[in-house]
Structures are given as structure tokens and as C-alpha cells.
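**Student:** Sequence:
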Amino acid sequence: MAVPHHRHRMSLEGVIIPVPQPLKREDRDAALRLFDSIIEQFEPSQATENGLKPVSLIRLMKEEISDKDSFLKLFFPFIEHYLDGVSSDAEPSITHILSRLDSFTTWTTSDKSALGESLVMFANFLIDNFFLPLKALAAKTPQPTPASLSRAQISEAGIGTPQRVSTLRRDCLLRDRHRCVVTRKFDIQEAEDRLAKDGNDFKDDDGESLLPESDAMAFLEVAHIIPHSLMSLTSIDGDPKLAEHKLMAHKILNMFNPTAIPLISGTDIDRPMNALTLTQDLHTLFGRFQIAFEYIGSHTYKIDYVKRDRLLRIVKLPVTRTLYLTPERNIDPPSVDLLKIHHAIAKILHLSAAGEFIDKFLRDMEEMEGGQVMSNGTSRIDDYVRFKLAGCLDGCFEETSVC
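Numbering (my numbering), first residue to last: 7 to 409.
Careful, some of the hints might be misleading.
As the list claims (entries may be wrong) - Restricting the straight-line Cα-Cα distance to at most 25 Å, the calculated cross-link-like pairs of lysine-lysine (BS3-like) are:
hint, residue 1, residue 2
1, K322, K353
2, K59, K366
3, K68, K313
4, K191, K209
5, K30, K59
6, K68, K308
7, K353, K59
8, K68, K30
9, K30, K74
10, K68, K353
11, K353, K74
12, K191, K313
13, K308, K353
14, K353, K366
15, K191, K68
16, K59, K313
17, K308, K366
18, K191, K203
19, K191, K74
20, K68, K118
21, K366, K313
22, K322, K308
23, K74, K59
Stated by the list, open to error - Cβ-Cβ distance ranges computed for the label pairs, FRET-style:
hint, residue 1, residue 2, range
24, R39, S116, 20 to 28 Å
25, S116, R319, 43 to 51 Å
26, L253, S215, 51 to 59 Å
In case anyone wonders, no lab produced these hints; they're calculated from the structure. Don't be surprised by glycine CBs; every beta carbon is placed ideally from N, CA and C.
Please model the entire structure based on the sequences and the hints provided.
**Tutor:** Here it is, written out as C-alpha cells:
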């Protein structure tokens with residue numbers, strides 16, 4: 007066997023991005039059997055760097071996605087490329103790859119070790135190109151400010167413009183009756199407006215007095231289910247295009263549900279179907295994939311911490327909530343499909359410990375952004391430079407108000 011190509015991979019160099027075409031049935035069956043066999047062989051003995059379980063992450067990914075063909079067509083060519091250490095101008099034959107890997111149980115210890123390393127590299131690839139940017143940007147929904155709403159020179163074509171985000175906030179508050187969809191706390195800003203207008207006779211959207219809950223309100227925010235920055239464009243050779251890492255993130259996101267990207271393409275990312283009204287604290291937890299919505303039926307969800315035995319709790323969970331609908335049905339409810347994707351991602355991040363791994367990584371990168379470099383060399387300068395050059399950290403450490 008050729009010497010494996012040892013390199014931490016974030017770039018798509020040498021990796022063929024799969025075109026969404028189904029595998030032949032015999033290839034799919036063989037690929038699934040071989041995948042399961044490889045995972046069963048390597049998962050029990052996986053090395054857990056900083057708690058991360060890379061082989062578990064790969065297994066969970068395969069279990070949670072719906073488009074398994076595209077995943078297998080990414081996984082096996084990646085492994086083949088890592089083991090060979092050479093690029094190919096054409097997509098490798100999946101049949102050829104499966105035939106070659108099928109005998110892995112008879113390989114030498116050195117070759118088996120290389121296969122195990124390739125699994126770690128594939129897990130790193132998924133983290134670098136999907137989970138890390140998604141988690142880094144998920145809590146970054148811009149919140150409109152009065153200054154932002156007074157601008158007249160905003161481009162309507164821009165994604166996440168102040169006007170569009172302001173409209174999204176208005177629609178979500180109307181749909182959700184100016185209440186957090188989890189705690190049911192009323193929006194204090196809206197309450198202040200109603201108090202100024204109606205005095206102590208101020209009422210909620212259902213006509214009930216707000217006086218009994220006057221000391222139990224909260225500042226509410228609009229929270230994107232899929233982060234709006236995932237659709238933002240970058241100027242490449244003077245033209246607005248998706249950056250390389252976002253292209254791969256889109257392809258992986260589509261593996262969870264092939265309708266995902268078409269559902270939120272362009273300015274549709276800022277439609278009410280991709281947003282919830284939450285308190286500031288819950289927005290943070292939701293954006294970090296630490297709480298998730300488990301679909302029960304008919305716009306009803308069980309909302310709970312992903313880590314069920316979590317000791318420190320900002321909000322008492324679980325709760326079951328039926329989300330509000332507008333009487334005229336003129337504002338889309340939160341998309342069941344998008345909330346299912348969020349739930350699946352949260353599950354993967356928790357059970358593989360990738361969530362904590364990424365949180366630690368982002369804290370390290372934020373310290374680097376602030377200019378902190380440890381004298382003992384523990385600061386991850388190489389990683390910081392690599393991610394900055396790829397644009398993966400753009401906007402991650404900035405304030406989220408549009409002003």
C-alpha cells in the first residue's frame with residue numbers, strides 16, 4: 007500500500023465533491039456494509055483528543071442524514087485519497103474503492119493504522135468545513151437597532167440587511183404573539199410601548215392583562231434556525247460568490263435534507279420559516295446547539311437540553327410547546343424540516359463531544375483574535391492563520407447588532 011498522505015485537511019484540494027446522483031443499489035448495499043464494518047472495527051479503540059470522538063462523529067453523521075448516497079460518495083473517495091496520497095482529476099470509481107477496502111481486516115498493522123488515521127482526518131474535515139463554521143455563526147443573528155432602521159441606502163439584494171432583519175423580527179414577534187416560544191415570556195419592549203399607550207390596561211396579543219406578569223418579562227430576539235451568514239456571499243475576483251468552505255457546508259447540510267438549501271437560498275434565509283422568537287439566553291443556547299426542538303407533531307415540540315443530565319440550567323427544561331400560528335396563516339411557522347436538522351446536528355455534536363471540542367477551539371481563536379499568544383506555545387497560531395485565510399472565522403467574534 008502507498009504511504010498515506012499525512013496532512014490536516016480543511017481545503018477541498020484533491021477531494022471530489024459529490025454530485026447528487028444515486029448509487030447503484032448493489033454499490034449502496036456494499037458501501038453501507040463496508041462502512042459499518044470499518045466503524046465497528048475502529049470506534050471502540052478510537053483516540054479521543056480533547057474528548058472528541060472522531061469515529062463516533064462519522065457514525066452519528068451517517069445515522070442522522072437522509073441522503074446517505076451523497077455521504078458515502080464523499081466518505082469513500084476521501085479515504086481512498088488519504089491512503090493513496092495522490093489527487094485524481096476524475097471521481098474514483100466507488101466500485102473500485104469498495105473492492106480495495108473490503109479486505110481491510112487482513113491488512114498489516116501499519117496499513118490498518120493508516121486507515122484509522124484517515125477516519126480521524128475525515129472527522130476533522132467534517133468539523134472544519136461544516137460543524138465549526140455552522141456552530142461559530144449560529145448565534146450571530148443580527149438584531150436591528152434604531153440606527154440601522156433609519157438608513158435609506160440599504161441594498162435590497164443584500165442578505166441580512168437591517169431592513170430585512172427588522173421585517174423578520176416584526177413578523178416573528180407577530181406570529182409568536184410577542185412571546186418567547188419556549189418560556190412564553192412577553193417581550194418587554196413591546197410591553198413598554200403598550201403601557202405607554204394604554205396605561206395599566208395594557209394587554210397581550212390574546213387580550214389578557216399584562217399586569218400579572220409585569221415582573222416576568224424579557225428582551226426577546228429573533229434566532230435563525232440555520233445561520234443567515236451561511237448564505238452570505240464573498241467578493242471573489244470582483245463577483246459575489248459563495249466561499250469554498252460555504253459550498254462544502256451547503257453540500258453537507260443538504261445531506262440532512264435535500265430540500266434544506268433550496269428552502270433557505272438567497273434572501274429566503276431571512277424568512278420566518280427559518281426563525282424563532284427567543285429570550286437572549288435561549289438564543290445563545292439554541293445557537294450553540296445546547297438546546298434543541300424534538301418534533302412531536304402538528305407544530306408541537308419537546309424542547310430540552312441536548313445534554314439531559316446538564317447540572318447548570320438557565321431555564322427549566324424540558325417543556326412541550328405547540329408553536330403559535332397566525333389566524334390568517336400569512337406568516338410561515340418555523341420549518342419542521344429545519345428544526346429537525348438543527349436537532350440532528352445538536353445530537354451529533356453532543357454524542358461525539360464535537361460541540362465541546364469546537365467551543366474550546368473557538369475560545370482559543372477568540373483569544374488569538376484579541377492578540378493573546380501564550381509564551382509556552384499553546385496558542386494555536388497555525389490553526390488561527392489557516393481558518394482566517396479560509397474566511398471561516400469572518401464575523402465570528404463581532405457584535406451581532408446591525409447598527
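**Student:** Any hints from earlier that this structure breaks? Give me their numbers in increasing order, please.
**Tutor:** 5, 15, 17, 19
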